[in-house]
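Assemble the complex: chain A is given as a structure, and chain B must be docked to it using the hints.
One line per chain: the protein sequences are A and B, in this order.
Residue 59 in our numbering sits at position 59 of the first sequence, and the numbers go up by one each step.
Residue 200 in our numbering sits at position 200 of the second sequence, and the numbers go up by one each step.
These are calculated hints, taken from the structure and not from any lab test.
Since the model is a prediction, treat every value here as computed from it, not as a measurement.
Simulated pairs of lysine-lysine, DSS-like, Cα-Cα distance not exceeding 25 angstroms:
{"#": "1", "chain 1": "B", "residue 1": "Lys29", "chain 2": "B", "residue 2": "Lys71"}
{"#": "2", "chain 1": "B", "residue 1": "Lys175", "chain 2": "A", "residue 2": "Lys15"}
{"#": "3", "chain 1": "B", "residue 1": "Lys186", "chain 2": "A", "residue 2": "Lys15"}
{"#": "4", "chain 1": "B", "residue 1": "Lys186", "chain 2": "A", "residue 2": "Lys50"}
{"#": "5", "chain 1": "B", "residue 1": "Lys61", "chain 2": "B", "residue 2": "Lys71"}
{"#": "6", "chain 1": "A", "residue 1": "Lys15", "chain 2": "B", "residue 2": "Lys190"}
{"#": "7", "chain 1": "B", "residue 1": "Lys61", "chain 2": "B", "residue 2": "Lys16"}
{"#": "8", "chain 1": "B", "residue 1": "Lys29", "chain 2": "B", "residue 2": "Lys67"}
{"#": "9", "chain 1": "B", "residue 1": "Lys175", "chain 2": "A", "residue 2": "Lys50"}
{"#": "10", "chain 1": "A", "residue 1": "Lys50", "chain 2": "B", "residue 2": "Lys29"}
{"#": "11", "chain 1": "B", "residue 1": "Lys16", "chain 2": "B", "residue 2": "Lys71"}
{"#": "12", "chain 1": "B", "residue 1": "Lys190", "chain 2": "B", "residue 2": "Lys175"}
{"#": "13", "chain 1": "B", "residue 1": "Lys175", "chain 2": "B", "residue 2": "Lys71"}
{"#": "14", "chain 1": "A", "residue 1": "Lys15", "chain 2": "A", "residue 2": "Lys50"}
{"#": "15", "chain 1": "B", "residue 1": "Lys175", "chain 2": "B", "residue 2": "Lys186"}
{"#": "16", "chain 1": "A", "residue 1": "Lys50", "chain 2": "B", "residue 2": "Lys190"}
{"#": "17", "chain 1": "B", "residue 1": "Lys61", "chain 2": "B", "residue 2": "Lys29"}
{"#": "18", "chain 1": "B", "residue 1": "Lys67", "chain 2": "B", "residue 2": "Lys16"}
{"#": "19", "chain 1": "B", "residue 1": "Lys29", "chain 2": "B", "residue 2": "Lys16"}
{"#": "20", "chain 1": "B", "residue 1": "Lys29", "chain 2": "A", "residue 2": "Lys15"}
{"#": "21", "chain 1": "A", "residue 1": "Lys15", "chain 2": "B", "residue 2": "Lys71"}
Restraint-style ranges between C-beta atoms, simulated for each label pair:
{"#": "22", "chain 1": "A", "residue 1": "Gly97", "chain 2": "B", "residue 2": "Glu161", "range": "55 to 65 angstroms"}
{"#": "23", "chain 1": "B", "residue 1": "Ala21", "chain 2": "A", "residue 2": "Glu33", "range": "48 to 58 angstroms"}
{"#": "24", "chain 1": "A", "residue 1": "Glu33", "chain 2": "B", "residue 2": "Gly168", "range": "31 to 41 angstroms"}
{"#": "25", "chain 1": "A", "residue 1": "Arg25", "chain 2": "B", "residue 2": "Ala21", "range": "41 to 51 angstroms"}
{"#": "26", "chain 1": "B", "residue 1": "Lys61", "chain 2": "A", "residue 2": "Glu30", "range": "50 to 60 angstroms"}
{"#": "27", "chain 1": "A", "residue 1": "Gln66", "chain 2": "B", "residue 2": "Gln32", "range": "17 to 27 angstroms"}
{"#": "28", "chain 1": "B", "residue 1": "Lys61", "chain 2": "A", "residue 2": "Glu3", "range": "41 to 51 angstroms"}
{"#": "29", "chain 1": "A", "residue 1": "Asn59", "chain 2": "B", "residue 2": "Cys169", "range": "31 to 41 angstroms"}
{"#": "30", "chain 1": "B", "residue 1": "Arg89", "chain 2": "A", "residue 2": "Leu28", "range": "35 to 45 angstroms"}
{"#": "31", "chain 1": "A", "residue 1": "Arg25", "chain 2": "B", "residue 2": "Asp19", "range": "43 to 53 angstroms"}
{"#": "32", "chain 1": "A", "residue 1": "Ala62", "chain 2": "B", "residue 2": "Ser159", "range": "28 to 38 angstroms"}
{"#": "33", "chain 1": "B", "residue 1": "Thr20", "chain 2": "A", "residue 2": "Phe4", "range": "43 to 53 angstroms"}
Here are a few chain A residues that face chain B, going by a calculated C-beta distance under 8 angstroms:
{"#": "34", "residue": "Asp41"}
{"#": "35", "residue": "Thr61"}
{"#": "36", "residue": "Arg63"}
{"#": "37", "residue": "Val68"}
From the three backbone atoms N, C-alpha and C, an ideal C-beta is built for every residue, glycine too.
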Amino acid sequence: MNEFNPLREESWRRKLTPAEEASLRAWLAEHPEAAADCELDQRLTEALEKLADAPVPSNFTARVLQAVEREAATDRPAATRATWFVRWLMPRVAAAGVIFGAGLLTYHEHATARREELAQGVKMVAGIPSLPSPEILQDFDTIRQMSTTPGPDPELIALMK
Amino acid sequence: MPPNLDPDAALMLRVKQGDTAAFTELVEKYKQPVMNLAYRTVRDATEAEDLAQNVFVQVYKSASRYKSTAKFSTWLFTIARNLCLNEIRRRSRHPAESIDAAHPEQEDQPAQQFEDKKTFSPPDSLLQSELAQNIDRALADLPENQRSAILLCRQEELSYEEIAEVLGCSVSATKSLIHRGRETLKERLKAYLRSGEWKKPD
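Chain B extracted, bound-state conformation:
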């Protein structure tokens, strides 16, 4: 084993040998960032949990294909993003319909509104401030590649080269995506950001 091997890569090499403890350690370390990416893609806590679990199951099943020369976090987030994209495509082919359709005997009742696909319904734990809600909504409205680029940028262990590898584009294109996404967020959140609302303790 090379002396300068990435610690996570070393764990993954043990996973290739069937070491469940090593796999558990990787899940514990990365479940939060993977969950963050999944959650802000599908915007539903339960579905995000399923998606995040599938990411790690795929990691385990693909262990034989992992090369130690690749940084584990880059490989992991590539899998995560691909599964998120698959979910987005699946949803675009089978849009959700409201289960509370109006019954004929309730014609005088207002028509049930179909679920707005862009409606963001975070759990109560996330509704800490109006700014947080607005940031989440603004992020949800971004194109997927800009949103993913900004979210991956929050992972400090990922360099721009690694983010570009996950997104499948060049470093300059990655920085451009992040810049455009941030400009949109700044424009939408200008009032909150200038007011200092975001600095108030939750």
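Next up, chain A with everything else stripped away, as it sits in the complex:
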């Protein structure tokens, strides 16, 4: 049986070579009890070989190519959108991002410089001595009028000497 099975299995999928057929016949000669089943098995193989092929339309290949073309056309808009996105939109988005980033950086620098100016100003004001109280301003008008009167006459002063 060890010699028979591999040959039988090969006979299922292809025609045996003359040498293989000779081996099979030799084995069957030694095992006549298996001859009937082997014969039936061989007839089934031949009947399966005679099984008619399924009908294939003459335009089968053309219709396959048409179906492939339809699939490609369906996928093309998505591919076009993807191409547009990669080639047109993305560089512009990237450039806009760079410009925005530069603007943001510039604003940040300006804001920082302005804060420093303010800080310097506060520092200056903080260094000024404290102002006198408002009471000193109560004779402000009198003092101001006194300052508008004409100054001393130098010739008169010289005569008085």
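Frame of chain A; chain B shown alone:
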């Protein structure tokens, strides 16, 4: 390109580059065996044609995933069998109903019979002999894996290792499937096979 590259694999590498002529050549070579597998799965010529076309469309769409180390026919029949299995599952979820349901005014008429799912209606070209009809019916009644194994076994370019790869099982399991399927066929067709009917010219 390796010197010992399978010719079909070489064609498929060209298909990956968009070579339509190479794809056409592969379709022409394999349309018959793919159609045979599809036809004996769905048992309807029109649906088998659609199924077979979808197989090749899937081959084209999946070209980028094809590796030249794999034998093209194994890859092709794996796709074909998977689509056949999908169709079987789809049919089991949506069984066909007869469109000729009896109308209320025809109550005295015999009830329309629903289509027998196992009824095999091959085109006239295949009705060449009673044995051929019986073989087709017996094949149709086999479990899918046994039927597919026997049909793939008819493709001489496929070794048992490659058939096992298509079926997704071991070589010994594949041979067991074929053996069991053939034993069932022999039992059902014994009378025809012994009578020699199959030897008569068509």
